[in-house]
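Let the hints inform the model, and build the full structure from the sequences given.
So the sequence lines, in the order shown, correspond to chains D and L.
At position 127 of the first sequence the residue is numbered 109 (this note's numbering), and the sequence of numbers has no breaks.
At position 54 of the second sequence the residue is numbered 36 (this note's numbering), and the sequence of numbers has no breaks.
For the record, the hints were derived by calculation from the structure and aren't laboratory data.
Hints are not guaranteed to be accurate.
If chains are identical, the list can't say which one is meant, so a pair holds when it fits in one copy or spans any two.
[What the hints assert, rightly or not] Listed next, the in silico DSBU-like pairs over lysine-lysine satisfying Cα-Cα at most 30 Å (straight line):
# : residue 1 : residue 2
1 : 187       : 87
2 : 187       : 29
3 : 52        : 187
4 : 175       : 113
5 : 187       : 53
6 : 113       : 87
7 : 87        : 53
8 : 113       : 52
There are 2 protein chains.
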Amino acid sequence: METVTFVGLGLNNENSITVEGLEEARNASAVFTELYTSPMTNLDLQKLETTILKPISILTREDLEENSGKKIIDATQHGNVVFLVPGDPMVATTHVSLRLILARKNIETRIIHGQSIISAVVGATGLQNYKFGKSISLPAENVIPQSILIALLDNTFRGLHTLIFLDPATDKIELTINEAIRRLIKAHPEFTKQVAIGAARIGSKDQRVRAGKMGDLVNVNFGPLPHCLVVPGILHFMEVEALETFCGLDRMDVEVRQPLC
Amino acid sequence: METVTFVGLGLNNENSITVEGLEEARNASAVFTELYTSPMTNLDLQKLETTILKPISILTREDLEENSGKKIIDATQHGNVVFLVPGDPMVATTHVSLRLILARKNIETRIIHGQSIISAVVGATGLQNYKFGKSISLPAENVIPQSILIALLDNTFRGLHTLIFLDPATDKIELTINEAIRRLIKAHPEFTKQVAIGAARIGSKDQRVRAGKMGDLVNVNFGPLPHCLVVPGILHFMEVEALETFCGLDRMDVEVRQPLC
Chain D
-17 METVTFVGLG LNNENSITVE GLEEARNASA VFTELYTSPM TNLDLQKLET
33 TILKPISILT REDLEENSGK KIIDATQHGN VVFLVPGDPM VATTHVSLRL
83 ILARKNIETR IIHGQSIISA VVGATGLQNY KFGKSISLPA ENVIPQSILI
133 ALLDNTFRGL HTLIFLDPAT DKIELTINEA IRRLIKAHPE FTKQVAIGAA
183 RIGSKDQRVR AGKMGDLVNV NFGPLPHCLV VPGILHFMEV EALETFCGLD
233 RMDVEVRQPL C
Chain L
-17 METVTFVGLG LNNENSITVE GLEEARNASA VFTELYTSPM TNLDLQKLET
33 TILKPISILT REDLEENSGK KIIDATQHGN VVFLVPGDPM VATTHVSLRL
83 ILARKNIETR IIHGQSIISA VVGATGLQNY KFGKSISLPA ENVIPQSILI
133 ALLDNTFRGL HTLIFLDPAT DKIELTINEA IRRLIKAHPE FTKQVAIGAA
183 RIGSKDQRVR AGKMGDLVNV NFGPLPHCLV VPGILHFMEV EALETFCGLD
233 RMDVEVRQPL C
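Following this line, the structure appears as C-alpha cells:
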C-alpha cells in the first residue's frame, strides 16, 4: 500500500496550487479530484493535466461518501495517489472522514495545504484575523436555521466578525451573496441597516469585494460564484479605512450603524 | 507608478508558494521579503532567488513600520514589485497597514494568497473548522494578559476550539509549545488536566502534532519552530477519532476530562 496525499488546489485556477503540490501530482501514479465542495469557476483541468502529464479523474460525492473513497483505495495498489481538493483540503469535513477511512486500512496519508477562504477573506477585506468569531454556513435550502442566526447574532453582540460560508449551488438553487442577504433580512429585518461585506471569487483577478449596508448590498451584482459574506462586529479605525479603501465602504454607513436588537 | 503584489510564501519552504505567486515574482522588477512575522525554518531563499532569476531583499520590521515601506515605494518607480510574506500575507496586521500606506500614495496593490496556519491547523488536527472560536495570541514576554486568558476560557466554556498563536521568538525568548503550556498552567492550574494539541512545523514533512493533557504535553519535544497550540472545546466523535489517529491522543484523557472552573 502506498500513500494518499491530499493536495489543496487553492482558490482560483490551475495556478493556485503550490509548487510542492504540483510536483507531488506529477510524481503520483494516479490523480483524482472533486469539484463539489467548492466551485472553482476559473479552473482549467485540462491545462493542469497537461502540466502534470497525466489524466485527472473527477470523483463525485457518491464516490467519496457512499462508496467510502473506493476508487482512491483501489488506486493505492498501483502506487502513490494524489487527491486534489479545492481550497485547503481538510476544511471540508467530508475529507477528514475519508482520511480516517484510509487510516483504518493502514494507508498512510499526508496533506499539502492550499490557499483557503478562511485566511484569504482576512486579506481581501482588511479585517483583522483575531477578531473573527465562530464561522457559520448558510444551507442552500430556503430556510435559515435558528441556530445559525443565533450564532451570527451572538458574534455580532460580542463585537466579533463572522465569516458566512454559502453552501455550493444545488441543481435548483444558486446561493449568491444577494440571495443570502435576502434570506438574512427576511429572518431578521434589522439586518437591513447592518454593514456586511460581500466577497466574490477571492484570489482571482476579477474578485469583487464590496462593503455596505445589507439593504444596499442586496442589489450589487457580484458576478459568478464562489461567493461568501462577512458580517463585521466592532471595527477598529484601521479596519474602517481598509473597508473604505478596498471595499468601497461609505464611512457614514458605519457611523450611523445602530446596535443590533 | 506600478503595482505592488503581496505574495504568500506559505508555511514551509521555497516550494510552499503557489505557481501564480512564483510567476509573479519571476516577472517583477524587484522582489522583497520579510521573515520576522513568522519563522520559516526550512525556507532556502537562495534557491528561491535562483528560481525567480533575481535577488530578494530582506526587509526588517524597522523598514516596514518605522520607515513605512519606503524601500518598496521607491522600487515602484522602476516597475512592478513583489513582496513575499510568510503564510498568507494579510494575516499579519502590519501588512494591512502597509497596504493602506501604498493606497494613500495611489499605488495599486494585489494579493496572491498563500497557505495559512489558520486553515492548515484544521487539517493537521482533524478538528472541524466551524467549531473554532476567536483565536488568540500569546506574547513572547513572560506574562499572559488577563484578557487573553478570559478569551480562551470563554471559548472553552462555550464548547469552541481555540487556536493560540505563539509570538515569534525575540532575541531573549523562544516561545515554544512547552513554554506556552508552562505559562498557561501557571496562570490557571486547572489547565494541567485540559486536553490540548501542540502543532510544530505544520506543512513540513517533519511536522509534529501531538494531543494530550497539558500536564503531559509540557514534556513532549516538538523540535524547531514554528509552533502553535490548540485548546479544543467540546469534541465530536469524529474529532476524537482524528486526534487519536493522527495526533496520538489517549481517548481516556478525553473521557475523564473535567469541565473547567
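Evaluation of the provided hints:
no. : hint       : in the structure
1   : 187 to 87  : between (42 Å within a copy, 22 Å between copies)
2   : 187 to 29  : both (18 Å within a copy, 28 Å between copies)
3   : 52 to 187  : between (37 Å within a copy, 26 Å between copies)
4   : 175 to 113 : both (21 Å within a copy, 28 Å between copies)
5   : 187 to 53  : between (35 Å within a copy, 26 Å between copies)
6   : 113 to 87  : between (40 Å within a copy, 28 Å between copies)
7   : 87 to 53   : within (14 Å within a copy, 54 Å between copies)
8   : 113 to 52  : between (41 Å within a copy, 29 Å between copies)
In summary, the structure agrees with every hint in the numbered list given earlier.
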